[in-house]
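Trainee: What follows is each chain in one-letter form.
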Amino acid sequence: MSKKVFGFFNKQKEYEKEVLENGTAARYSGFYADSFKRLKKNKMAMFCAIVLILIILVAIFAPLLAPYDPTYQDYSAVLASPSLAHPFGTDEYGRDILSRIIYGSRVSISIGIVAQVVASLVGVTLGAVAGYYGGVVDSIISRIMEIFQAFPDLIFAMAIMTFMGKGVLNLFIALRLLTWVRTARMIRGSVMQLKEKEYIEASRANGASTFWIITKGLIPNCLSTIIVMVTLGIPNAIMYEASLSFLGIGIQPPTPSWGNMISAAQTFISYRPVYSIMPGIAIMITVIAFNIFGDGLRDALDPKLKS
Amino acid sequence: MNEKMSQAPLLEVKHLRKLFPAKSGFLSKEKTFIKAVDDVSFTLMPRETLGVVGESGCGKSTMGRSVLRLIQPTSGEILYKGQDFMKLSGADLRRVRSEMQIIFQDPYASLNPRMTVGEIIAEPLNIQKKYSSKEETRDHVVKAMEVVGLNPKYYTRYPHEFSGGQRQRIGIARAIVLEPSLIVCDEPVSALDVSIQSQVLNLLKDLQSSMGMAYIFISHNLSVIKHISDRVMVMYLGHVVEMAKKTELFSNPSHPYTQALMSAIPLPERHSKRKKIILQGDLPSPANPPSGCIFHTRCFMAQEICSTQKPELKDIGGGHYCACHFCGKCQQGE
Amino acid sequence: MGEKILEVKHLKTYFHTDAGLSRAVNDVSFSVEKGKTLGIVGESGCGKSITSLSIMGLVEIPPGEIAGGEIIFEGEDLLKKSEDEMNKIRGKKIAMIFQEPMTSLNPVFTIGQQITEALMLHETLTKKQARERGIEMLKMVKIPLAEKRFDEYPHQLSGGMRQRVMIAMALCCNPDLLICDEPTTALDVTIQAQILELINELKEKTGTSVMMITHDLGVIAEVADDVMVMYAGKVVEHATGDQIFEKPMHPYTEGLMHCIPKLDDDDTQRLSVIEGMVPSFDDMPAGCAFCPRCPEARQICRERMPELAEAQGRMVRCFKYTQEWEESGE
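Protein chains in written order, with the working numbering: chain L, 482 to 788; chain R, 179 to 512; chain F, 236 to 565.
None of these hints come from the bench; they were simulated from the model.
Heads up, some of the hints might be wrong.
Stated by the list, open to error - In silico lysine-lysine, DSS-like type, Cα no more than 25 Å apart, as pairs:
#1 R/Lys453 to F/Lys497
#2 R/Lys453 to F/Lys438
#3 F/Lys362 to F/Lys374
#4 R/Lys424 to F/Lys244
#5 F/Lys482 to F/Lys271
#6 F/Lys555 to F/Lys482
#7 R/Lys213 to L/Lys676
#8 R/Lys453 to F/Lys323
#9 F/Lys328 to F/Lys244
#10 R/Lys331 to L/Lys522
#11 F/Lys244 to R/Lys453
#12 R/Lys454 to F/Lys271
#13 F/Lys440 to R/Lys454
#14 R/Lys454 to F/Lys315
#15 R/Lys192 to L/Lys678
#16 R/Lys321 to L/Lys518
#17 R/Lys383 to R/Lys259
#18 F/Lys327 to R/Lys454
#19 L/Lys676 to R/Lys453
#20 F/Lys377 to R/Lys454
#21 R/Lys454 to F/Lys438
#22 F/Lys271 to F/Lys323
#23 R/Lys321 to R/Lys308
#24 R/Lys423 to F/Lys482
#25 L/Lys518 to R/Lys312
#26 F/Lys247 to F/Lys316
#27 F/Lys497 to R/Lys383
#28 R/Lys213 to L/Lys678
#29 R/Lys213 to R/Lys265
#30 F/Lys377 to F/Lys327
#31 F/Lys327 to F/Lys497
#32 F/Lys377 to F/Lys362
#33 R/Lys453 to F/Lys316
Note that the structure is predicted; figures quoted are calculated from it, not measured.
So that you can see chain L by itself, here it is in the shape it has in the complex (with noise of 0.2 Å):
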């Protein structure tokens, strides 16, 4: 019986050649190479890939790559104008403005993505779990996710700053114990849509596992959402944490952020303007370059707009 239906050697000779020809099957390598062969095609969201990475490479070799220490002050030269010496002039206590914007990526970009990445872990998770079981657990966490929307975000920041005391750990914690809420509700909502779709209940009819059906059906069906949370959500972190600074309350002088900084150079802004457009020009090309890449992986991600 097998042998009649499925005995189409001579069309499976024909097959592979074809493969062969083609590259049919050699052209597909699954589906997040696929994407990535997706997201190479869209010029600009690699080139802010590219901004990205040096961006993160100039964070991570700071100390090679600034002309000065940070925090040296050098009182013959306080608030100068952009020279050779000091390409983007110095602040008011003589520290090189430029040594303290490669430092203060440091503090801006490990803060954005660390803080981003771990509240969207926590968020999928719990967001997963609500949505794919429903029922108790659902009520449950859902409740738990209205308590913590109910506190306003800055203040809630504000708050935990002032209780537990200045840090970059606490900062962490306080810019991001809120915002995984919003990644929580998100994936829920896809999940319990995704859920009811009828080529899951195809996989659960093949006898799929859990595991099987959040693993292939349920998170590359998500994934362009997730991504889209987080890449919108780190220059999101990067501002809370400039909002943070800004208002005194963020990252601690002498440790360069570029939030501290634009709060410092407010003073001096009429006077020496490229104090405070400097670090705003780097928080602007990090977000501006996230969003955009974040747009560009989302598209990449689905095989529908493969042109």
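Here the structure of chain L is known, so what remains is to put chains R and F in place on it, guided by the hints.
Mentor: This is chains R and F only, laid out in the frame that chain L set:
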């Protein structure tokens, strides 16, 4: 060998029920249920096609899914090749599931948009860990694609690149790749264009004659049901109202609902002489079904007894079952 | 020949897409006579719905474009009307019923509010008069307990009831032309039978002309006086209902007619099929659009598109009925 097999039923369903909890008022303790499938029993022989016909909300899809335990039935018995399917779990359940498949109505929703055609068709093989090597799996998928008339060069394409008919072929390839003995077809052609419908119906028939699987074919379209089925079950509000061999049912429809359904299909012919029975009113809500005979609110020949007493599904001769107080007495509407 | 209420001449509606120019409606001409029903039948993508949207002036521009033609309605070309003028015609003189009765009613307003809105938009009525007219309309489409239903919300009604409400809304200003786009496709058979009967009855009563767009030849057989079959943006056959069901002439019409399973078929036989698929617009075959699927195609069919020409008292777009067919004899 075939003879022996054909004597033992492939599937026996007894008193299958599925209740869905209905929304009750906030904080109210009282629980109400929607009887989506109520006391459905049938047997299915190997290589047989049982057509299930009814309007939306009659419970035919829920019934199909309950048989596969995609929806857990509330009560009832499902015997698959003599073993109690309801009690299976773990590895046993997975093994039996490899012999039962489902084809869905919506060829757009039933294929994972993030998988290629090859991955979709290979999924059942991978879940069941049928082959250890990727090459073997791929070869098998390619063969299945050819059987359903898909060019294997589409192996690496994504489902959104295909038309409805081709997508339905992908769904069929996924269903046959494990060579199952039972496929539940849930409205497999109703989302397709007419010219594509006939291609898919022919394909399903061909596959049945070459691979020998049984179908539970669910459709709202009586003409399609008549074309493909051996036996037909008519459902209304979760109940079986009539069940018979196809030829018997279509030559001698005994339940007034079946008669009305038959007369309501618009036929592509002018000035047809058949008498139209146009039912009045809408389908009652399954949350609050009528008392007595569930059909009496729309029945053109309802009597007093119909609103008080529920008619049994009884054999009116030759395996023709009908649930009406007057069946046999009232053929063709009089 | 009765009085023509609508005449479409050489209508061309194109869509500019990323993949190229889609000729969704490609040189389509037809007319609707007063009090008659024209059925337009075809598969998805044949251009039947775009034709009706073009008449209503509801084609989104861009990506759409009316590339040519005339739509003469009561002596005036609708394509030359301004948006304001079209708003006065839409709903009042030409009304439309859509396939999906679930989504074409606004869920946050009552049935009554939506009917009276349509009425008061085009006619000067007091609120009380509008309510009376609205209830009257609901009664006309045989909605039981019309007074009660008038104050209910769409979700409280079944699919069939909602479609009746849509019909009531469409008919409330006594339109001269009613366009029905797959009005029964989303409904159950027994409900479909009710709605078709209702449309036929109302047509008799009000004298409205109807354009019935559907993929279902069974529906066409029940309601249409004239039938137009479309394929890949073109009319392939245009005849009276009696003619077409007695003997379809175009091979596509014939194939369509034969591939539907029927109740009186010999069901031991395989269904006859139309091989292949509807071509996509960026992959149109040369010559006749149907020739790759046509069992009778000859060399000439692959070379150029046949004209829509008169043959045996109807219009057919096929070389089979031309002089050239004999000459091309294979």
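Trainee: Does each hint hold? Answer for all of them.
Mentor: To see whether the hints hold, each was checked on the structure:
| no. | hint | result |
| --- | --- | --- |
| 1 | R/Lys453 to F/Lys497 | 17 Å, holds |
| 2 | R/Lys453 to F/Lys438 | 22 Å, holds |
| 3 | F/Lys362 to F/Lys374 | 18 Å, holds |
| 4 | R/Lys424 to F/Lys244 | 49 Å, violated |
| 5 | F/Lys482 to F/Lys271 | 21 Å, holds |
| 6 | F/Lys555 to F/Lys482 | 14 Å, holds |
| 7 | R/Lys213 to L/Lys676 | 24 Å, holds |
| 8 | R/Lys453 to F/Lys323 | 43 Å, violated |
| 9 | F/Lys328 to F/Lys244 | 20 Å, holds |
| 10 | R/Lys331 to L/Lys522 | 23 Å, holds |
| 11 | F/Lys244 to R/Lys453 | 40 Å, violated |
| 12 | R/Lys454 to F/Lys271 | 23 Å, holds |
| 13 | F/Lys440 to R/Lys454 | 21 Å, holds |
| 14 | R/Lys454 to F/Lys315 | 45 Å, violated |
| 15 | R/Lys192 to L/Lys678 | 29 Å, violated |
| 16 | R/Lys321 to L/Lys518 | 29 Å, violated |
| 17 | R/Lys383 to R/Lys259 | 23 Å, holds |
| 18 | F/Lys327 to R/Lys454 | 34 Å, violated |
| 19 | L/Lys676 to R/Lys453 | 46 Å, violated |
| 20 | F/Lys377 to R/Lys454 | 18 Å, holds |
| 21 | R/Lys454 to F/Lys438 | 19 Å, holds |
| 22 | F/Lys271 to F/Lys323 | 23 Å, holds |
| 23 | R/Lys321 to R/Lys308 | 15 Å, holds |
| 24 | R/Lys423 to F/Lys482 | 33 Å, violated |
| 25 | L/Lys518 to R/Lys312 | 23 Å, holds |
| 26 | F/Lys247 to F/Lys316 | 17 Å, holds |
| 27 | F/Lys497 to R/Lys383 | 16 Å, holds |
| 28 | R/Lys213 to L/Lys678 | 23 Å, holds |
| 29 | R/Lys213 to R/Lys265 | 22 Å, holds |
| 30 | F/Lys377 to F/Lys327 | 22 Å, holds |
| 31 | F/Lys327 to F/Lys497 | 40 Å, violated |
| 32 | F/Lys377 to F/Lys362 | 23 Å, holds |
| 33 | R/Lys453 to F/Lys316 | 47 Å, violated |
When the structure is compared with the earlier hints, violations turn up for hints 4, 8, 11, 14, 15, 16, 18, 19, 24, 31, 33 and for no others.
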